[in-house]
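Using my numbering, the letters of the sequence shown map in sequence onto residues 1 to 92.
Just so you know, not all the hints are guaranteed correct.
Unchecked claim - Derived DEER-like restraints, expressed as beta-carbon distance ranges:
1. G69 with R11: 29 to 35 Å
2. L50 with W89: 26 to 32 Å
3. R11 with A70: 15 to 21 Å
4. L83 with D47: 19 to 25 Å
5. F5 with D28: 23 to 29 Å
6. F54 with V13: 16 to 22 Å
7. G69 with T12: 36 to 42 Å
8. F54 with L83: 17 to 23 Å
9. Q80 with Q4: 34 to 40 Å
10. K8 with A88: 14 to 20 Å
11. L14 with L46: 25 to 31 Å
12. A78 with A29: 33 to 39 Å
No lab work stands behind these hints, which were simulated from the structure alone.
A quick note: this is a predicted structure, and the numbers were derived from the prediction, not measured.
The beta carbon of each residue, even a glycine, is placed where N, CA and C say it ideally should be.
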Amino acid sequence: MNSQFDSKEFRTVLGHFPTGVVIISGLDAAGKPQGLTIGSFSSISLDPPLVGFFPGLNSKSWPAIAESGAFCVNVLAATQGELCWRFAWLVV
Numbered sequence: 001m002n003s004q005f006d007s008k009e010f011r012t013v014l015g016h017f018p019t020g021v022v023i024i025s026g027l028d029a030a031g032k033p034q035g036l037t038i039g040s041f042s043s044i045s046l047d048p049p050l051v052g053f054f055p056g057l058n059s060k061s062w063p064a065i066a067e068s069g070a071f072c073v074n075v076l077a078a079t080q081g082e083l084c085w086r087f088a089w090l091v092v
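Please put together the full structure from these sequences, using the hints given.
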């Protein structure tokens, strides 16, 4: 077994693993729309209704949305790949 870890290779491998992608959106304290792409979304419980996701540590949008105390989960269709990338790379 090779004990060296190649983070780029690991990222490439995981990039081939399909996940559900959503956009989390909300308003910041000033009422400005914010949003970010999430690839780690999952259902936790139906009763009570709970979901889980993991925003990136470097996300600028998530802290602003979290501070507001409310957010919307936008489930993307297969045809909305461009929207997914827009929210993944831009500060909205």
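Point to revise | Violations among the numbered hints | key: Per hint list: 3, 4, 5 violated.
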